[in-house]
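A.B. asks: Residue strings, one per chain:
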Amino acid sequence: MNDIIGFILRLVAKEALARKKLVISLYVGTALFFAAIAWVWPQVFNSAATIIIEDRNILTPLMKGTAQTSVLTEPLKLAKTMMNSRTTLIEVLHIGGWIDDDTPQAKIDSLIDDIRTRTVISNTGKKIIHINYRDRDPQRAMLATKAMSDIFIRESISIKRKDSQNAYDFIDSQAEIYHKKLIFADRAIKDFREKNVDSTPGAMQVTTERVLTLTRQLEDLDIEILGEKSKLSAQRLQLSGGGGAENTASIEREVALRTRITNLKSNLEDLRLTYEDTYPDIVQIKSQIISTENRIRKEIINRNLEDKPSNEELSDSPLAQELRSAILNTQTSITTLDSRKEQLNILLDNERKKINRINAVDVEISELTRESKVNKAQYNQLVEQRESARISRDMDLANQGVKARIQEAAFLPVNPRGITFMHIIIIGLLFSFAVPVAIVFGLTILDQKVRDRRTLTDRLKLPLLASVYPILSQTEIKQYHAKLATMGFIVASVWTFYGIEIWLKVGG
Amino acid sequence: MSIIESAFLKNQKKNPNDHIDNNAQNRKRRKHRTGSQTLTNQFAIRDDIATMSQRREFTKDEYQERGLISKYLDDSKLMNEYRNLRTKLLAEKTSANFIAMVTSVTPDFDPTLVTVNIASTFALDEGKTSIVINANVSSTQANDIFETETETETEAGTETKLGLVDVLISENVSIDEIIYETPINRLRYIPIGRNPESSAEYFSDIRMKKTMENILSRYSERYLFLNAPSIANSADTRILLEVCDKVLLVVPYGKCTEDNIRQAVLAIGSDKLAGIILEEF
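In the order they appear, the protein sequences are chains A and B. Residue numbering for the first sequence is 898 to 1405, as defined by our numbering. Residue numbering for the second sequence is 8 to 288, as defined by our numbering.
Fair warning: there could be bad hints in the mix.
DEER-style ranges, computed between Cβ atoms [what the hints assert, rightly or not]:
| id | chain 1 | residue 1 | chain 2 | residue 2 | range |
| --- | --- | --- | --- | --- | --- |
| 1 | B | 276 | A | 1356 | 17 to 23 Å |
| 2 | B | 63 | A | 1327 | 52 to 58 Å |
| 3 | B | 94 | A | 1396 | 52 to 58 Å |
| 4 | A | 1323 | B | 94 | 51 to 57 Å |
| 5 | A | 929 | B | 270 | 43 to 49 Å |
| 6 | B | 145 | A | 906 | 32 to 38 Å |
Computed list of lysine-lysine pairs in BS3-like fashion (alpha-carbon distance at most 27 Å, straight line) [claimed, not checked]:
| id | chain 1 | residue 1 | chain 2 | residue 2 |
| --- | --- | --- | --- | --- |
| 7 | A | 1375 | B | 95 |
| 8 | B | 84 | A | 1375 |
| 9 | B | 253 | A | 1270 |
| 10 | A | 1380 | B | 262 |
| 11 | A | 1358 | B | 262 |
| 12 | B | 262 | A | 917 |
| 13 | A | 1358 | B | 84 |
| 14 | A | 1346 | A | 918 |
| 15 | B | 84 | A | 911 |
| 16 | A | 1024 | A | 1300 |
| 17 | B | 67 | A | 918 |
| 18 | B | 67 | B | 84 |
| 19 | A | 911 | A | 1087 |
| 20 | B | 279 | A | 1358 |
| 21 | B | 67 | A | 1380 |
| 22 | B | 262 | A | 911 |
| 23 | A | 918 | A | 1375 |
| 24 | A | 1092 | A | 1126 |
| 25 | A | 977 | A | 1024 |
| 26 | A | 1358 | B | 95 |
| 27 | B | 279 | A | 1375 |
| 28 | B | 84 | A | 1346 |
| 29 | B | 78 | A | 1375 |
| 30 | A | 1346 | B | 67 |
| 31 | A | 1346 | B | 78 |
| 32 | B | 253 | B | 84 |
The hints are simulated quantities; they were obtained by calculation from the structure and are not laboratory data. C-beta atoms are modelled at their ideal positions from N, C-alpha and C, and glycine is treated no differently.
Isolated chain B, as found in the complex:
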């Protein structure tokens, strides 16, 4: 598999952000992956991921400025919390890799940073890669964190970068175009896109599910983290539930009551709820 992928890599010079392959390849790979996975395979995957492009990485200060988990983090307690979280998620996974949605109990808490940190924790493992997908129309925090230029200068003026919604709307936009490299090793980012207002219509589309599977299947150790709006009042989030494998519910400290949590848990359903993350301060 690694040979195929290496060959594939060489062919895909035009988009260094991510590998692209067709659906057939995906299916084949997934099929293979669900079978017995040998140690050799794991090493192969690791090599595979190691070859992902990485133009630059945040410095220690940059990590800290953005409140991000990194190998530089001194706070071992926090680090352990995230590592344990990762272990728990991996332990209960049903398929090899998964799409996890991170949503908050209350609308007044944006769980983007928690999503990015969870994704970072997965990406810390050299054998794993993660993608943060921003499905929250109102949040631009991810853009700030990853320093992704949301707007590009064109002749006609400024233009918002392509994102998730754009892939869903237009067949002309390829998945490669929306996956952006970030200054965090092995972590990729998909912004919301140019037409965020029509997101709800497209999230329920079959194309959404296909797109997600496509992104997920590029690496057998790729984990998707969907940064969703609060489950409390967002239709998007309820639709997105269909797409994801598991849901991580963020409970912000001192901002929600027990009833809020109960309702959120009820909305998610016990089969998809992976667990709670208590966001203290």
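Here chain A stands alone, though its shape is the one from the complex:
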């Protein structure tokens, strides 16, 4: 590494001497060039303002839930938009004293472009905005910076106010809309109810109960009718005879005979255990059984025959008269009951129709009520929100919400910023050496001539016998020294020139 650096240094030194005219002219040229630039380079003064966007203050926690403080979401964007706004910049130009009312439009335009290029807006995080402005006039730098920061504050406040007013207006209009909707829905319910008086609340229950009662009554009535009818048929039977007392006596006789037969059969069985069938008692019992059975048969025949003939003797009896009057009564009672049943059925039908009607009304009512409920909920919410918005707006109007405030006001710059005269002088001093060296070195690389013994040995693989150089004669040494002295003199002259320039610019 050191070898290479050493080689490069030797190379540059050799080449610089070999091309000393070029080197000297480059040196002087570069030095004078930078001296000239330094002389005409404008002094630039930089003024800056820092703006802090406060999104929390004492009110924030206090008003939590009731009011929302408006937030400057993108202050940097706002600031940049502001800088692009012609109106704003014209205002700045007025404040800075660049223009008056008579300034031609073209000049204003070019001045606006100037201001834009000389202004840098940056941010630290989201809440700190820096406005940097540079100008040749320190006073004007401060004025313009101050104007810009003031306009920014003003704009941000007005934007916030506008925002919260807009929010309030919007919520208010929405609340109004819902209010109207709600009134309309309530009125619709009321109208409907008026049209359907039956369907008062609870009507359904009453009607249902009534239906139940009627149904029950109807059932009772049916049973009663049935009882009356069977009574009627019994009375008629009685009146028509047959179904009277003879029959009953005949049956009783028959039953007694049958009981006798059963006893006889039982005796017979007992006797048969002991005796043959030919035993007289047995024969006797058998004949007794047969005769009893005959009697039964006779009895049944007699009874059946007795149905047929009309009971003449009964029709005029008091019993018959009584029966007839009872039948009449019963028939009357049945007729009454039937008409009652009919009445009940009509009522039941009515009640059922009513139930259907109530059901239909209920569906309609619940539809109307649902709409009204939704509207009501929405309206209530909007009313609350409107109140929050009102407080927020009032807070912004009172400038109590989020604040943009100037943390560091624009100042009057004393020292010029950026690349100053002295920088250029130093660059000139350095570059006046660096440029010739770089060009000489570049030329050396470009011409691709062999200058290094390593090229011969390493690249061309040739035997290097010696690396020699001429011995300088006294004259040559003197000439060499003279050259060095000339170069030194030129360097000294350039430095003197720089010294004079510095003295004129800074001291003078």
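Once you've looked at the hints, dock chain B against the given chain A.
C.D. replies: Frame of chain A; chain B shown alone:
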């Protein structure tokens, strides 16, 4: 051998620049030299060389003015570079002494000073002698360095001194006439001569090879350095390749690309290329 040479010296008073002997003697001497060379022999050679004529030597300042290597040189780094170069050349020599051609990769660099300095380095050794032969028609730098009067006043006007080409052209010119003493100890110089324009025709002549062998064989520790034009575009240099034993390729700092060097190396051929000398500044 030294006795013969001493005797020979005494007979050769008319040209004090160099010894002359005939071809037979050369062959004999060379033959002897290629055999076992004893320590005694080396001392003899040294004595032999020590007797070479030297009318004057450069002063320290004169050396420096001309950019020459000398015993006075303070720059030990440079001195070492040249000494190492000498060691390397001697280490790889195939025969006892050699003819080395010094040529540059690019035509815009004249390697004369490097040639003279290499020759000087060899001549610094009291046991060795070297000759710089200028085979570069366009270079007069060697003349300036050695302060050789290139022109002599005659009745007919000025006349350029005799040199290498003259020996090749005319049989009347002897080798002794073209070898000049220089103000550097043990270093001799042969300029290009009066008819440099016809050099190419004669360099390829057999006489050239003979002449070189002749010069080389005068001392067993004599080294010839041929200052040739750049290999890049000189026909002379390619012809001279035939005559010399090895070639030293001078790469001037920042004047040639890798391709230039590759082509030069290719033209020389790897068997004759002794190595590269990087001429920095």
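A.B. asks: Under the constraints set out in the numbered hints, which ones does this structure not fulfil?
C.D. replies: 7, 9, 17, 19, 24, 27, 30 and 31
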